[in-house]
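K.L.:
The listed protein sequences derive, respectively, from chains P and U. Quick note, in our numbering, the first sequence goes up one by one and the last residue is 104. Quick note, in our numbering, the second sequence goes up one by one and the last residue is 1398.
Don't read these hints as lab results, they were simulated from the structure. Glycine included, every Cβ here is placed at the ideal spot set by N, Cα and C. There's no promise every hint is true.
As the list claims (entries may be wrong) - Cβ pair distances, simulated, as ranges:
(1) P:D59 to U:G1307: 19 to 27 Å
(2) P:D59 to U:H1116: 52 to 60 Å
(3) U:L1340 to P:D11: 53 to 61 Å
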Amino acid sequence: MQERRFACASDELEPGTSMTVPGDPPVAVFRNEAGDFFATADTCTHEDWSLGTDSDLDDEEVTCPLHMARFDIRTGKPLCFPATVALATFEVEVAADGRVYVVV
Amino acid sequence: MTTLIVGASVAGIRTAQALRMVGHRDAITLIGEELHQPYDKPPLSKECLAEPGEPVPLLSNDDLVALDVELRLGVRATSLDAERRVVRTSTGESFDYDRLVIATGVTPRSLPGAQHLAGVHTVRTYDDAAAVRASLAAGRRVVVVGGGFIGAEVASAARAQGLPVDLVEPQDVPMTHLFGVEVATEISRLHELNGTVVHAGVGVAGLEGDGGVTGVRLTDGRRLDADLVVVGIGAAPATDWLLGSGLPVDDGVLCDEQLRVIGFPDVYAAGDVARWPMPFGERPVRVEHWTNANEHAALVAATITGGAPPRPQPPYVWSDQYGRRIQIVGTPRAGRAARLVGSVTEAAFVAIFADDDGRTVGALVLDDARTLMRCRKAVAARTPVCELQLGVPAAVRA
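Go ahead and model the full structure; you've got the sequences and the hints to work with.
P.N.:
As structure tokens, then:
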């Protein structure tokens, strides 16, 4: 069953930053420089690390600070070794009142 | 057409994976001298020393099958005939190729006499790590020779099991050649804080024992009791098998920017064995970092298939010691320590290195991943250290 999980108010997440929405599974919510929201699985597919809480976002590319795996936050696709498995991606809804939800 | 990859560790396996990812459909043969299924190297001096288990696979069995390579384990390359394009091996076989990728890595240096004594180990293979782990579990008196990352990680693993550890290091402070004396001093405090006794500025005069090692004699006349000695004093490129091949070998196989072996258009090299003009350096170097092996694999695949080379990334290496994580980005030794924040007795420690123009060339960061990533961007952009926005490091914020 789909779950609509509250992430944040849209103005709480600055462009170029990310956050983790706790839950099962935890979800990383990213906001690119243009202000668009994207959501992926929070845990790097190479080794345990929270991408939402601690990573480096460079527009649409997120780098895991543990071993420098990179992913495209729009598709979840791995962009370099050591990542070979894509991150799951989730739909993001921004409600009329500006509240941001992820659909898990 | 056959692509032959010699070496089935990180650089070799990742090269095969990268070739398939970019659509290379030729036959790929991969030969490796060890019998284990291809495994990852960083855990050998970390998790593998802590508890018994299996090697951490580089890829799953399903992925290995999907890779569609002929993987020959327990086969060591013994010579190369580059003219006839054939590699001969320890099994007496000959492997023909159209393209050859050399990924034989490095062989650790050891001490004279070590091969005749039980209880003296280097840590390069899973079997090495398993032997060291078994000795640690038996509750040994440990001497670590060499205060680099391997030595420090072994010392850390031994201390975690409550064993007495002496660490012998020829420099006055371990790691000085990489980070300068000030930063090296701060980092090596981790040893004393965790009960490892560092004997610095002294070398090893010899090993003692009859059958099994019993002690280590130092150049200042002292003697340390030992029934386990782990040697971490660097490694040499595994290029003996290339003797007489005509390939340019000088502290590694000499390659161009795209990892083509110079003068041999059908031969490539990747990982620790390749000496190349890396994008963030000036002269050809060998880089023994795990990330470098991963990046080389993608670059060789692009070169072979004529694809766009991947964007170069700043050098990166990490080390886990005494429950702390040291991360290093860029090339600290290309500059000097220009900004220090925190200390090893605080939550975090950051050292940023600048060249003569004050531009960021590297950073060493203890337990502050966010700052590390900021420094990584600064290294890539050569940002002046004075302009670097570090934010408030975790150490001060707490």
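K.L.:
Which of the listed hints are broken here?
P.N.:
3
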